[in-house]
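Participant: These protein sequence lines are chains A and B, in that order. With the UniProt record's numbering as the guide, the letters of the first sequence map in order to residues 1 to 72. With the UniProt record's numbering as the guide, the letters of the second sequence map in order to residues 1 to 399.
Simulated from the structure, these hints should not be mistaken for laboratory data. Careful, some of the hints might be misleading.
Just the calculated beta-carbon pair ranges, DEER-fashion [as the list claims (entries may be wrong)]:
id: 1; chain 1: A; residue 1: G63; chain 2: B; residue 2: G335; range: 34 to 42 Å
id: 2; chain 1: A; residue 1: G27; chain 2: B; residue 2: E397; range: 48 to 56 Å
id: 3; chain 1: B; residue 1: T177; chain 2: A; residue 2: T37; range: 45 to 53 Å
id: 4; chain 1: A; residue 1: V36; chain 2: B; residue 2: G300; range: 17 to 25 Å
id: 5; chain 1: A; residue 1: I40; chain 2: B; residue 2: E70; range: 27 to 35 Å
id: 6; chain 1: A; residue 1: D43; chain 2: B; residue 2: T322; range: 32 to 40 Å
id: 7; chain 1: B; residue 1: P325; chain 2: A; residue 2: G27; range: 22 to 30 Å
id: 8; chain 1: A; residue 1: D43; chain 2: B; residue 2: A66; range: 16 to 24 Å
id: 9; chain 1: A; residue 1: G63; chain 2: B; residue 2: G194; range: 43 to 51 Å
In this text, a Cβ means the ideal position worked out from N, Cα and C, and glycines have one as well.
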Amino acid sequence: MSWSVKVDQDACLGSGICAGSRPDIFGFHGTHAVAVTERIDPDEDLLDLADTCPAAAILIRDGSGAELAPRP
Amino acid sequence: MTAADERVHDYPFNRPEGLDLAPAYRAARTSPGMIRVQLPFGEPAWLATRYEDARFVLGDRRFSRAEAAEHDEPRVQYHRGSGGILAMDPPDHTRLRVLVASAFTVRRVERLRPRVREIAESLIDDMRAVGTTGDLVESFALPLPVRVICELLGVPARDQHLFREWSDGLLSTASLTAEEFSRNDQEISAYMAGLVAQRRAEPADDLMSALIAARADNVDRLTERELVELCVGVLVAGHETTATQIPNFVHVLLSQPDRFAELRADPGLIPGAVEELMRFVPLGATSAFARYATEDVQVGEVLVREGEAVLAAIGSANHDETRFPDADQLRFDRGGSGHLGFGHGAHHCLGAALARVELQEALRALLALPGLHEAGHPEWKTQMLVRGPRKMPVAWEAQ
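The task is simple: from the sequences and hints, build the whole structure.
Facilitator: Structure below.
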């Protein structure tokens, strides 16, 4: 079951960590990151990456809509 | 349009004394493409001086830090350190970074703000209790981030006299011999390994204990050596730059009395002022941590070939007029975002949120010191990767 990934544009501080680490999932537009794909295959590494976002702006949900990241 | 500059320039451009941005950067920004530079050690490199080019190189995965280990990396010092996570690429880099990153998110760090404020105010009280003059570095700028990072990580602040010397050694551009550098490296690692052993026996509510627990959960995820290296990295990177930027910010503000008065009249401007000062102050004595192209990559007008090194000149990028109009003017109304003062991309400063809180609270506390002014010229560091006062005599009024 695929996951959904989004970047919260209001929270994003534009560090570029996500786009610089996983360009297959994230891109950098102007001053903020965006997810370049909405649906992704389950990927534990991506949860780790979401945890390194200083703004906790990477939102990942599983197929049922349950929030996987940011983790508390 | 003039022809591309094909000379190889001697680098670094900036003088260590003071915070001026060398005029050679403006010349490089306004000539097409990137320029070639030769540092005192290592191979020549491209230098990205424009905002777009610098940000692109820092943020694009095709530029690798790990590859630097395979090359004679351009550098100002003879010795080469292990580099820690700054010498790694994702996904290895992410695996380690995530272990410490959760302690440095905006949300977690905001919870530390009251403690940071308390430390800043107590240091100001101590300064006022002693008299009306002092060294801003020794009495305020250094102890503030040292105490904060020591408490966060779990290192006794009373050991400052020990780790400050090792920390300086790690960030020094002085040509230490290989033996001197490696002895320094071994001493701080041994010190940290000792603390890790203590914490393992007696865990506490700090980042070191959290890392020890993470290793206990999954020994493949974090080796003992990586654990110790991460703690050393957090301790060193966690105080030196902030301790340097506090006097730099004060130096800039005191030289622009209108801006200083503006902040004093409205402390609500402090967060914007910190972002603007991060942009405005060219902290680096040199550009460092070259990125290596893992394939041919077009950077602006230059095709960087696979295996070539590119250095991002952050101070120059932050003064690029095409990105920041009136870039040489200090203005608190720029909206803050977009400067490269904390870097960009996978290696964006891990402690950026903490540094912001510390710098904001440092300015808040110092603005309340009546009649603060410089009492003589600062004594500048000369052999460090970052520029700033080693000593900064200041004075204030008793009331």
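Participant: Decide, hint by hint, whether the structure agrees.
Facilitator: Here is what the structure says about each hint:
| no. | hint | verdict |
| --- | --- | --- |
| 1 | A:G63 x B:G335: 34 to 42 Å | holds, 38 Å |
| 2 | A:G27 x B:E397: 48 to 56 Å | holds, 53 Å |
| 3 | B:T177 x A:T37: 45 to 53 Å | holds, 51 Å |
| 4 | A:V36 x B:G300: 17 to 25 Å | holds, 23 Å |
| 5 | A:I40 x B:E70: 27 to 35 Å | holds, 32 Å |
| 6 | A:D43 x B:T322: 32 to 40 Å | holds, 37 Å |
| 7 | B:P325 x A:G27: 22 to 30 Å | holds, 26 Å |
| 8 | A:D43 x B:A66: 16 to 24 Å | holds, 21 Å |
| 9 | A:G63 x B:G194: 43 to 51 Å | holds, 48 Å |
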